[in-house]
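S.K.: With the hints as constraints, model all of the structure from the sequences given.
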Amino acid sequence: MARDPITLTQLLAALRGQVEVLEQRGDVSCPVHAITDDSRAVTSGSLFVAVKGERIDGHGFIEQAIRAGAAAVVAQTPVASGPVPFVRVADSRKALGLLGSRFHGDPSARLKMIGVTGTNGKTTTTYLCKALLEEIGRRVGLIGTVGYQIGQETFPASHTTPGALDLQELLAKMVESGLTTTVMEVSSHALALDRTSGCEYDVAVFTNLTQDHLDFHHTMDEYFEVKLRLFTGLAGGQKNGKRALVNVDDPRGAAIRTACPVPVWGYAIQSQADLKAERVSLSLTGTTFTAVTPSGSFTVESRLVGSTTSITCWGRSE
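Mapping of the sequence shown onto the numbering used here: residues 59 to 376, in sequence order.
It should be emphasised that the hints constitute simulated quantities derived from the structure, not laboratory data. A virtual CB, placed ideally from N, CA and C, is assigned to each residue, including glycine. Each hint should be verified, as a subset may be incorrect.
Said to hold, decoys possible - Here are the simulated DSSO-like cross-link-like pairs (lysine-lysine), alpha carbons at most 27 angstroms apart as the crow flies:
1. Lys-152 x Lys-334
2. Lys-300 x Lys-170
3. Lys-170 x Lys-231
4. Lys-300 x Lys-231
5. Lys-297 x Lys-152
6. Lys-297 x Lys-231
7. Lys-188 x Lys-300
8. Lys-170 x Lys-152
9. Lys-110 x Lys-152
10. Lys-334 x Lys-231
11. Lys-170 x Lys-110
12. Lys-300 x Lys-110
13. Lys-170 x Lys-297
14. Lys-110 x Lys-188
15. Lys-300 x Lys-334
16. Lys-188 x Lys-170
17. Lys-152 x Lys-231
Claimed, not checked - Distance windows between CB atoms, simulated:
18. Ala-99 x Val-350: 18 to 24 angstroms
19. Met-278 x Arg-197: 34 to 40 angstroms
20. Arg-74 x Thr-203: 31 to 37 angstroms
21. Ser-341 x Glu-211: 34 to 40 angstroms
22. Arg-197 x Asn-298: 36 to 42 angstroms
23. Leu-80 x Gln-210: 54 to 60 angstroms
24. Ala-99 x Arg-301: 35 to 41 angstroms
M.R.: This is the structure we're talking about:
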C-alpha cells in the first residue's frame with residue numbers, strides 16, 4: 059500500500075516505552091517509503107527490519123537488503139551497515155509490529171478492536187460477534203482462520219492471525235474502507251511471535267483452553283501464559299473503557315480474571331458468572347436459553363446446534 063513518506067525518527071517514536079533502542083548510527087531523519095522484514099521485498103527507500111525467525115535469521119540478509127536499496131536498517135544484534143542509518147533494538151520482533159503500526163497510521167487506534175483467543179471456538183465466536191455488531195449498524199472487518207473480510211471483500215487467510223506487517227496493512231485497509239470495528243482471532247502462535255505487536259484492543263475474549271499446540275508451546279502452563287498476554291496487554295495505551303470476557307466454566311478463567319488489569323465479565327453455564335445461560339434447551343433445529351445479564355434476562359433462540367459444552371465456548375467443535 060503506497061504511503062506518503064514518514065521519517066525513521068517518526069517511526070522510532072513508536073518504540074518509546076515499548077522496545078529499548080540500544081544503538082543508533084547515521085541520519086535517522088531519512089524518509090521511509092516502505093517497511094519489510096523480507097530482504098527480497100526491499101525496494102529503494104525501504105526500512106529493513108531484521109528478525110530472527112524459527113528457521114531463518116533476517117540478520118544474515120542485511121547486506122542484501124542494503125544492496126536492494128534499503129534506506130535504513132533496524133536489527134537486534136550489532137552489525138556493519140555502511141553508510142545506511144542503523145538502529146539496534148532490544149527486541150526487533152516486537153519492534154516490527156510497532157514500526158508497522160506507526161507506518162500505517164496506527165490503525166488499531168482508529169478501530170474498535172475485539173480479540174478472541176482460546177483453543178476452540180475462536181472462529182465461531184468471531185463470526186457471531188460480527189453478525190451481532192452488524193445488526194446494530196457497525197461496519198465490521200474480520201480476521202481469522204477462514205479468511206480476512208473487509209466489507210464485501212474476502213481474502214484468503216495465510217495464518218489465523220497474519221504476520222505483524224500484514225496485520226497492520228490489513229487494519230489500515232479497514233480504516234480506509236470506512237469500517238468501525240475489527241473482530242479477530244488471536245492465536246497462541248501470534249501472541250508468542252509478537253504478530254499483534256502494535257495493536258491496542260478494546261475487548262479481549264477467552265473461550266477455553268484444551269490440550270493443543272504442545273509441539274510449539276511444550277507445556278500447558280506455557281501455552282496458557284502465552285494466551286494470557288492478550289489480557290495483560292490490555293493495560294495502558296490510549297483507549298478507555300476496555301473490558302475482558304472470560305469463560306469461567308474453564309478452570310483457567312479464574313486465573314485470567316485475577317491477572318487481567320481491566321474489568322472482566324465472566325460468562326458461563328455451570329458456574330456463577332456475570333453473563334449466564336440458564337434453562338438451556340437443545341433440539342435438532344437449534345438451541346434456546348435464557349441469557350442472564352447485569353441488565354436483565356432475555357430469551358435467546360439460535361439455529362446453532364450442540365451440547366452445553368459447545369455453547370459454553372460458542373462453537374467448541376472447531
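S.K.: Could you grab the alpha-carbon distance between Lys-152 and Lys-334 and see if it respects the 27 angstroms cut-off?
M.R.: violated, 37 angstroms
S.K.: Are the Cα positions of Lys-300 and Lys-334 separated by 27 angstroms at most?
M.R.: holds, 21 angstroms
S.K.: Quick one, are Lys-297 and Lys-152 close enough, alpha carbons at most 27 angstroms?
M.R.: holds, 20 angstroms
S.K.: Under the criterion that the straight-line Cα-Cα distance not exceed 27 angstroms, is the pair Lys-334, Lys-231 satisfied?
M.R.: violated, 36 angstroms
S.K.: Quick check: does the Cβ-Cβ distance between Ala-99 and Arg-301 fall within 35 to 41 angstroms?
M.R.: Holds, since Ala-99 and Arg-301 (Cβ atoms, about 38 angstroms apart) stay within the stated range.
S.K.: Compare the distance between the alpha carbons of Lys-188 and Lys-170 with 27 angstroms, and conclude whether the hinted pair is satisfied.
M.R.: Holds - the C-alpha atoms of Lys-170 and Lys-188 are around 12 angstroms apart, at most 27 angstroms.
S.K.: Could you tell me whether the CB distance from Arg-197 to Asn-298 stays inside 36 to 42 angstroms?
M.R.: violated, 21 angstroms
S.K.: Straight-line Cα separation of Lys-170 and Lys-152 no greater than 27 angstroms?
M.R.: holds, 22 angstroms
S.K.: Decide if the proposed pair is consistent with the structure: Lys-300 and Lys-231, CA atoms, cutoff 27 angstroms inclusive.
M.R.: holds, 24 angstroms
S.K.: Please test the hint of 31 to 37 angstroms on the beta carbon pair from Arg-74 and Thr-203.
M.R.: holds, 34 angstroms
S.K.: Starting from Lys-300, check that the Cα of Lys-110 is at most 27 angstroms away, please.
M.R.: violated, 33 angstroms
S.K.: Could you check the hint for me, namely that Ser-341 and Glu-211 are 34 to 40 angstroms apart, CB to CB?
M.R.: This hint holds: roughly 36 angstroms between Cβ atoms.
In this structure, the earlier hints numbered 1, 10, 11, 12, 14, 18, 22, 23 are contradicted, and the remaining ones agree with it.
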